[in-house]
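Protein chains: 2
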Amino acid sequence: MHYSKEELQNLDKVKRLNIINSVSGVKPANLIGTISSDGATNLAIFSSVVHLGSNPGLLGMILRPAQDVRRHTYENIMETGYYTINHVQRSFAENAHFTSVKFEKDESEFEKCGLTEAFLFDFPAPFVAESQVKIGLKFLEEISIPVNGTSMLIGEILHIEIFDNAINDLGYIDLSLMDHVGVSGLNTYYSLSKVDSFPYARRSNLPDFTKKDR
Amino acid sequence: MHYSKEELQNLDKVKRLNIINSVSGVKPANLIGTISSDGATNLAIFSSVVHLGSNPGLLGMILRPAQDVRRHTYENIMETGYYTINHVQRSFAENAHFTSVKFEKDESEFEKCGLTEAFLFDFPAPFVAESQVKIGLKFLEEISIPVNGTSMLIGEILHIEIFDNAINDLGYIDLSLMDHVGVSGLNTYYSLSKVDSFPYARRSNLPDFTKKDR
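Going down the list, the sequences are from chains A and B. For the first sequence, the positions run 2 to 215 when my numbering is used. For the second sequence, the positions run 2 to 215 when my numbering is used.
The list makes no distinction among identical chains, and a pair is therefore deemed to hold if it is satisfied within one copy or across any two copies.
Using 16 Å as the maximum straight-line C-alpha spacing, the simulated EDC-like pairs for lysine to aspartate or glutamate come out as follows:
no. : residue 1 : residue 2
1   : K16       : D165
2   : K6        : D123
3   : K6        : E162
4   : K139      : E76
5   : K103      : E76
6   : K195      : D175
7   : K139      : E80
8   : K212      : E95
9   : K195      : D180
10  : K16       : D170
In short, the hints are calculated from the structure, not lab data.
For reference, chain A alone in the conformation it holds in the complex (with noise of 0.2 Å):
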């Protein structure tokens, strides 16, 4: 099946919508915590979050314009200068997904989607207490895209807790042991198991790919 631009914008929208939301691969589901400078908890599914940098441990995550639902964890970034990354596994995702409903902003979306607050660390911005792997970030800057009216909000990470069984001697995590689950497009959620681990990739161990009965 091809489509080109031409055919693309020719699509039902909602058909586009979903074809586009897909086509970059699996994405991680992640819940983002945030508090109101005035105390109102707030809580936000976000499947673009991706990492920049590890020296310091850099986060960076994909914001529409204002008009978003996710607006309410715009403004209290920008108020508190806080906020956290939790990671969503397969027992609570549909209880992670209906975050995105447009709720007000004095209504918490961990009470009305069944999640717990967790404050940690004398971080001042709530975690899921269900989470398994949960992120305390300090915002540094908002880099605007100007193209399509988005921008990307960078925050560096203060402080990690991980579920023990899940993470080895060397830091290796292993998602899989965490039920955490990918998305595609808006709505389709996968469970991941791990199937291969490579070493880092040298010349010295490169395997001979061109012998055609390997």
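Assemble the complex: chain A is given as a structure, and chain B must be docked to it using the hints.
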């Protein structure tokens, strides 16, 4: 297991790298295909492709500083203005992983890693014949991320080719039917199983999560 920023900084470098490269959650495995102005093809695995928008279809990807092995990808995109994004499937995940060996510019990762160049739709950059989702993009802009010297390359989707059986009439793509793989860290690959599909989240279809015995 809790790590503060200071504890992360004091960890062994490899362990810190492994942890921070995994905490964003599952990442998509994609191969970026390019060609230099004098016709040398290049292929590089990226786990940082991110959806930016659907109309027009825009995808971003994060590039490390220039000394990275992916510099040939960057140089080729700057020279020609075009590149391809190709989903990695389990059947060639090892081949894809080894594209990150530091090859010379006149060595093609297609040949060294046993993958097949496909030139389709009169598009200037090479697709990966083995891949069931092939995307042809036109480079639009580079957005620099000064805080750690990385940048985001943004491209507009000009072509999408998808394995017929994996896309339905509504445009939903089932990544598990294509044996698409996700990555965590730098070297752990996961297969996907579709577990849930939820409706567009509205107040009218919000489950009552406040009931304890749902």
